[in-house]
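Peer 1: The chain contents come next:
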Amino acid sequence: MVVTAPATPASPAELSDALRATGYLPDDGLATAAFLAMRMGRPLFCEGEPGTGKTALAQAMAQVLGAELIRLQCHDGIDASQALYDWDFPRQLLHLRALEATAGAGGAALDTDAVEASLYDRRFLLQRPILRALTTTPSVLLVDEVDRADDEFEAFLLEVLTEHAVTIPELGEIRATTPPLVVLTSNRTREVHDALKRRCLYLWLDHPDVQREIQILRSRLPGVPERLATQVATTVAKLRRAELLKPPGVAESIDWAQALQLVGATTLDVDSAAATLGAVLKYREDADRVRDQLDALLAS
Amino acid sequence: MMPGRPVLTDEQTDADPIPGLVGFTAVLRSAGLSITTDRVAAFLTALDELDVTSRLQTYWAGRLTLCADPDDLPRYDMAFDAWFDPPRGGGTRIVDERPPPPPKLASLSVNQDDGGESEDDDGEQIKATASGNEVLRHRDLGDMSPAEREHLRTLLAMLRPEPPTRASRRLRPGRHGEPDPGRTLRAALRNHGELRELRRRTRTRRPRKVVMLIDVSGSMEPYADSLLRFAHVVVRRSPASVEVFTLGTRLTRVTRELRMRDAEHALHAAGKAIPDWSGGTRLGEVLRAFVDRWGQRGAARRAVVVVFSDGWERGDTAMLGEQMARLSRLAHRLVWVNPHAGKDGYAPVQGGIVAALPYLDDLLAGHSLATLERLLRVVQHA
Chain A
1 MVVTAPATPA SPAELSDALR ATGYLPDDGL ATAAFLAMRM GRPLFCEGEP GTGKTALAQA
61 MAQVLGAELI RLQCHDGIDA SQALYDWDFP RQLLHLRALE ATAGAGGAAL DTDAVEASLY
121 DRRFLLQRPI LRALTTTPSV LLVDEVDRAD DEFEAFLLEV LTEHAVTIPE LGEIRATTPP
181 LVVLTSNRTR EVHDALKRRC LYLWLDHPDV QREIQILRSR LPGVPERLAT QVATTVAKLR
241 RAELLKPPGV AESIDWAQAL QLVGATTLDV DSAAATLGAV LKYREDADRV RDQLDALLAS
Chain B
1 MMPGRPVLTD EQTDADPIPG LVGFTAVLRS AGLSITTDRV AAFLTALDEL DVTSRLQTYW
61 AGRLTLCADP DDLPRYDMAF DAWFDPPRGG GTRIVDERPP PPPKLASLSV NQDDGGESED
121 DDGEQIKATA SGNEVLRHRD LGDMSPAERE HLRTLLAMLR PEPPTRASRR LRPGRHGEPD
181 PGRTLRAALR NHGELRELRR RTRTRRPRKV VMLIDVSGSM EPYADSLLRF AHVVVRRSPA
241 SVEVFTLGTR LTRVTRELRM RDAEHALHAA GKAIPDWSGG TRLGEVLRAF VDRWGQRGAA
301 RRAVVVVFSD GWERGDTAML GEQMARLSRL AHRLVWVNPH AGKDGYAPVQ GGIVAALPYL
361 DDLLAGHSLA TLERLLRVVQ HA
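If you're matching them up, the sequences are chains A and B in order. Throughout the first sequence, residue numbering follows this note's numbering, covering 1 to 300 in sequence. Throughout the second sequence, residue numbering follows this note's numbering, covering 1 to 382 in sequence.
Note that these hints are calculated values from the structure, not bench results. A couple of the hints might just be wrong.
As the list claims (entries may be wrong) - Calculated cross-link-like contacts (lysine to aspartate or glutamate; reagent style EDC-like; alpha-carbon spacing at most 20 angstroms): (1) A:246 / B:292; (2) A:246 / B:285; (3) A:238 / A:269; (4) A:282 / B:140; (5) B:343 / B:134; (6) A:238 / A:226; (7) A:238 / B:292; (8) A:282 / A:292; (9) B:343 / B:322; (10) A:246 / A:49; (11) A:238 / A:206; (12) B:343 / B:71; (13) A:246 / B:322; (14) B:272 / B:71; (15) A:238 / A:194; (16) A:238 / A:209; (17) A:282 / B:316; (18) A:238 / A:49.
Can you build the whole structure from these sequences, using the hints too?
Peer 2: Here it is, written out as structure tokens:
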């Protein structure tokens, strides 16, 4: 990877251009949100339907800033030892045994303080995503699907995100020289506590309109002919209005266009659509319903 | 009208925009958004980084810092248009959606008519005696006098529902379970590196989610008020793990309203939030809306789902069956509470309940306090 120090964008418009250059097409609100997150040092809290580009935004921002993307996938019961740091206990035990063996051979007693200091050394520290983001500059920390974690974890996250510092009892405080850009995403399976939202910029992401989706398809898949991209985008827009169990997101329309391209289709017709429907609809009930109505769906 | 309504044009140069912007946040607050001082500060900081004379950038600065929920967005848009762009003669159409202040005295006084002229019919006055409570526990909720209803509220408020629990993935030190390397090492260190015993850690238990879906259509009207009060008690007991929705011609989430401490205050707010009180039912469609928007995304996953309804379905019962099937695949336990189920001669023959029956774990009665207590036990041990 070519390491260039990218100039920090000075306005939302500049950031918008920079994001565009990475292949992520933002609208005004999104560019403003990302710009403010950068300048105000606040986490960006993204909510929206699955597949509206929440995670992709963090990836694009990492590219724009020339920063490392560090991802923390939240799940039920996630705790500090999975998010922050843990000690490498097997290695610590081995180290302790080794110390004893040398001391035993020499006939000298172990100095407890010295042993402890050498045991809780940074080389035995396992950095988990949040600590890694604090010690890596520059970095983008993506806290994915924070709604899957529980309240205790939220409170803990709040503390770290406000202080940009972590205290490890055995080592002391570790503070970020430059705080990472933090992007939190949520699918709204649960209401995230207001205290956490208050520290963040709140961005609600909708599905893009047809024109922007065509642009996204064209920029993500340069090989896809414009006609096909237009057809995919308009059909997906219709599918989103068709009251499906799982309306397709942008990720699905990209998959679909790619699948069509791979099977050699240049236009979207009933045959090619039926053959590749699995790329865009992920429920059997949805696929059955749509397959029956493909003619009507592709007409016009 | 508040001072300093700013006009976003290029002519604007000298005037201090801050009073106008803060005035805007006050409008948002009265429109029901949760505007705190730190949010206002963040809004001003954001504008500092942006161009305050640009309408679009002002819009986004506010939307990003002052909103916290998709429900806030339409209200924000309306307030923004009204405040920064009043072309229609300035008549802002922002309604104060905050509930009125709670009554000073909650309605706890059963015998408030004592000493005065009683409005009740003879024999209906209830003394708060144990035997009276026992009778009331078995009375039909839909067939109560106002005085009995009052008394029922106190009895409902005295319920102590225990939430069901599930195994958590979180660990805490314990005597059994898997080894805990951290604590083992620290203990060894205290013994000069000698490993004397293995420390262990064990799984904790967490409250399991409970979802209550309450039918508020016309045929359920006699029960709806008591059921919402019941839901309020359950929500207050474990606010983080209980969700309440009402079903009618549409789906309404009332969890937020029911989290308020005072029962009267909460019920009033919930009543205002429900637009289709005692209307028709389209159970199938509304359940579908629930599963689509909430259930499938996580609200119903591994939860105890309780549906309060008499099962009168005007629409197609196939749809209801389909949605109950989806719900039963998501939920840990699916319970249907029918106020008529406890009555003599009841048989589950209504179209809706027949369609739902194959997917239910329990079909319970729910017409009296005693049956609701039984429901709580079923939920607790789900």
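Peer 1: Does each hint hold? Answer for all of them.
Peer 2: Now the hints, each set against the structure:
Between the alpha carbons of residue 246 of chain A and residue 292 of chain B the distance comes to roughly 8 angstroms, so the proposed pair stays at or under 20 angstroms and holds. Of the pairs offered as hints, the one joining residue 246 of chain A and residue 285 of chain B holds, with about 16 angstroms between alpha carbons and a cut-off of 20 angstroms not exceeded. Restraint check for residue 238 of chain A and residue 269 of chain A: satisfied, since their Cα atoms lie roughly 15 angstroms apart, inside the 20 angstroms limit. A hinted pair counts as satisfied when its Cα atoms are at most 20 angstroms apart, and residue 282 of chain A with residue 140 of chain B does not qualify at roughly 47 angstroms.
A threshold of 20 angstroms between alpha carbons decides the hint, and for residue 343 of chain B with residue 134 of chain B the separation of about 18 angstroms falls inside it, so the pair holds. Simply put, residue 238 of chain A and residue 226 of chain A have alpha-carbon atoms about 18 angstroms apart, close enough for the 20 angstroms limit, and the pair holds. Taken as a hint, the residue 238 of chain A and residue 292 of chain B pair is honoured in the structure, with Cα atoms around 18 angstroms apart against an allowance of 20 angstroms. Annotation: proposed proximity of residue 282 of chain A to residue 292 of chain A holds, straight-line Cα distance about 16 angstroms (limit 20 angstroms).
Straight-line distance between C-alpha atoms of residue 343 of chain B and residue 322 of chain B comes to about 28 angstroms, which puts the hinted pair past the 20 angstroms bound. Distance check on the hinted pair: residue 246 of chain A and residue 49 of chain A sit about 10 angstroms apart at the alpha-carbon level, within 20 angstroms; holds. This hinted pair checks out: residue 238 of chain A and residue 206 of chain A have alpha carbons roughly 15 angstroms apart, not beyond 20 angstroms. Between residue 343 of chain B and residue 71 of chain B the alpha-carbon distance is near 41 angstroms, which puts this suggested pair outside the 20 angstroms criterion.
Restraint check for residue 246 of chain A and residue 322 of chain B: the C-alpha separation of about 16 angstroms stays at or below 20 angstroms, so the hint holds. A distance of roughly 16 angstroms separates the Cα atoms of residue 272 of chain B and residue 71 of chain B; the hinted pair therefore holds under the 20 angstroms criterion. Only pairs whose Cα atoms come within 20 angstroms are accepted, and residue 238 of chain A paired with residue 194 of chain A is rejected, the gap being roughly 35 angstroms. Restraint check: the Cα-Cα separation between residue 238 of chain A and residue 209 of chain A comes to about 11 angstroms, which is no more than 20 angstroms; the hinted pair holds.
Distance restraint check for residue 282 of chain A and residue 316 of chain B: the Cα-Cα separation of roughly 26 angstroms exceeds the 20 angstroms cut-off, and the hinted pair is therefore not satisfied. For the given pair, residue 238 of chain A sits about 16 angstroms from residue 49 of chain A by alpha-carbon distance, which is consistent with the 20 angstroms threshold.
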